[in-house]
Amino acid sequence: MISLLYAHPYAHHARLERMMLDAVQHWPGLELRELYQLYPDFYIDVALEQKLLVHSKAIILHYPMQWGLPPALLVQYLHKVFHYGWAYGKDETEAAVNSLQGKKFWLVTHAVAPHHELDPCYQQTMFTPLQQLALACGMQWQQPLMLPVLTDTVVTTQAAELFRQGLELLSESTALNRGEHAS
Amino acid sequence: MHLNVLTYLMIYLAAMVLVVPLAKRFGLGVVLGYLLAGIALGPAGFAVASNTDDIKLLAELGVVLMLFTIGLELDAKKLWAMRHRVFLFGSLQVLVCALGTAAATYLLGLSYALSVFIGLALALSSTAVAVQLMKDRNLMGTHTGQSVFGALLLQDMVAIPLLIGVSLIAPSADTAEFKALPALAAVVAVVLTGRYLIGYLLHWVAHYGSRELFVGLALLLVIGVMELMTAVGVSAGLGAFIAGVLLASSEFRHQLEADLEPFKGLFLGLFFITIGASINMQLLSTQWPLICMLLLLFVGLKLLLLYGVAHLIKIAAPERLSYAILLGQGSEFAFVLAALATAGGLLSPTEGAMLNLLIALSIALSPLLMKLYDLWSARQQHIPQQNSDVESSESPVIIAGFGRYGQILGRLLLSNGIVPTVMDHDSDTIQTMTKFGFKVYYGDASRMDVLEAAGAAQAKVLVIAVDDVQAINAIVSNAKQHFPHLTLMARAKDVAHMYQLRRLGVEHIERELFEASLRQGRDVLTQLGMGQYEAKELADRFRAANYQLIDKMQLVREQQDEKNYIQLLKQSREELQRQLERESRDAPQRYQGERSGNDEQKSSN
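Line order of the protein sequences matches chains H and R.
For the first sequence, my numbering gives the first residue as 1, with consecutive numbering after it.
For the second sequence, my numbering gives the first residue as 1001, with consecutive numbering after it.
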């Protein structure tokens, strides 16, 4: 199973993004969870989410980016679900925990504001906190996908194609990994 | 044949149990059912209803109990707010009807004094019938209902001078004497005891007595007032009403109401049966053309006059007819008046019997007319819908019930450009709400035709925001049956009601007080020094745990395992407490723990 966590506060108005998601969401084994639909009150069912993540081979975060930051609910999600004593650190018996060990962690995003003016230097560093998170949890960091700004259906189809290529890569290497484990 | 009271009671109860459900089955309503049972018992039927003064007394107790319970629902403040309806509108109604009827009887060739007497006697309406009809249709709280009730109250007051007047003009042996001073003293005594003494007595009995003693006290109270008032010649109903109003702010109000409810229902049934039994079928069969004509004249005239009054007191146009029908019958007082007048020689025995028959028939006609009115108004609501169907796009949301609950919901929608269709049966609410741009329909949402008129076939969502459990359930089952495409959103009184609604297939249920108390509970937590967000999270957690518990309970409940149910309730209460304690203790630490965890990472990186 691949968990695709989609965080967009006004997803109903993001028509083109919807189109792109529709194009990829039937990918075999992919499970799309729209965080703003599931937890509009910012109260996250931590136990359920953790169970689902444990069963996933890969975790994809898909979100529009503003000032290089993810939407507030996604940050809340990362704070609540990926917490100390479950995702990293030690449990009550002082044993190290690694519930997410070896899972692939992939970001798919596009800049909403400001559009293109982000300093290239900053573009290099803005994923650092999430990369640190992946590292601390023992997950495999995948090269983030920066989608183009969706302006029309042509761009959207292109974006969906990019998304699909990324998924292909992710699934292949997952299968490869499994093969490695088997051998 | 001499039968004792118990045997009579048995016969009456048997008639009730047999005939009333049948009448209801054929859509005739409860009141009509009782009247039919009465006719069956009367001289024309099995002729067992002769010589039944004791039963009549019990029947009168039914009316008195009814007025007492109405009084319980109206505290002094509400009554004061009704003063215009009682004194202004009520007197107007009595005056107009008395003058109109008197003029008509004078034209029919009766003497001047007799015309005035008959006019006044027939201007009164039957409290029992009108109130029962209103309760059946849930009209008591509406503008029209209040006006009708105000008029009925004033009539009860007018009846006193009327009774005195008759006994002065035509003195007879069985005149109940009205003594002004004792009457005043009695009313003052009722007010004082009701205000100061009864409260203590109720407390005392509730504390030291058993459950049935409380019922006994409630009955004692009402019968005591009734006896006292009858002794001094004041309407017993009026006295009981005053006693009820005085107890309306007592904390035992609901207990009293609940305890007296079955007695009230049964005795009121007896009352209707005695009216049915008093219909003189023999006289009717020999003189039916004359009586039918008089009945038509009387009821027609009274409806016409009442319609005019309704216009004068500014009752909304669609409800004027219902006002007229509710008040458009003879009164139980008129029986007493007719009897007194006959005894005093004011009326000849045939005239008296005729008047009696006329009143009884008009009472029997009332529920029938109301039934016809229901059908007619349903048709009326149907027609404009058909006309406007094409041109106006129907609203996707219907809100049934526009009290405080429905209004907040509706305003949220309206402020976001969605104009909901609103249904309510209070004309006051409707008038104000139409001003603010809501599409408001007058009507009872539990009826299929009314829902259809409001556009249920085109709507997506039906919000049921009525505050009565029975009404909510009725609307739900009706909508489920006739408009399966509608998404139903219902307001639930409590958890038990929530289960009922779930069983009826409603998916979106909100307990009416749950969110508000949870919100305020959150504020209490913050007042005690907890952070705003932390308190929110705890409230959220409580909500989630509560819903989980409700689901679990439903399973147990469906298995009808009461012992388990209570145990589970206890268990989960403890569990919740433990959970909350743990959380409030750990929350700050855990956050620090997380931070220190991060720190560790940083240093390790």
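Fair warning: there could be bad hints in the mix.
Said to hold, decoys possible - Straight-line alpha carbon distances no greater than 27 Å define the calculated BS3-like cross-link-like pairs of lysine-lysine that follow:
(1) R:K1536 x H:K80
(2) R:K1135 x R:K1078
(3) R:K1439 x R:K1536
(4) R:K1314 x R:K1077
(5) R:K1493 x H:K51
(6) H:K51 x R:K1480
(7) R:K1314 x R:K1078
(8) R:K1078 x R:K1493
(9) R:K1493 x R:K1480
Calculated from the structure, these hints are not laboratory results.
Keep in mind it's a predicted model, so treat the numbers as computed, not measured.
Against the structure, the hints:
no., hint, in the structure
1, R:K1536 x H:K80, "holds, 15 Å"
2, R:K1135 x R:K1078, "holds, 18 Å"
3, R:K1439 x R:K1536, "violated, 37 Å"
4, R:K1314 x R:K1077, "holds, 23 Å"
5, R:K1493 x H:K51, "violated, 35 Å"
6, H:K51 x R:K1480, "violated, 37 Å"
7, R:K1314 x R:K1078, "holds, 20 Å"
8, R:K1078 x R:K1493, "holds, 24 Å"
9, R:K1493 x R:K1480, "holds, 20 Å"
Of the numbered hints given earlier, the model fails hints 3, 5, 6; all others are met.
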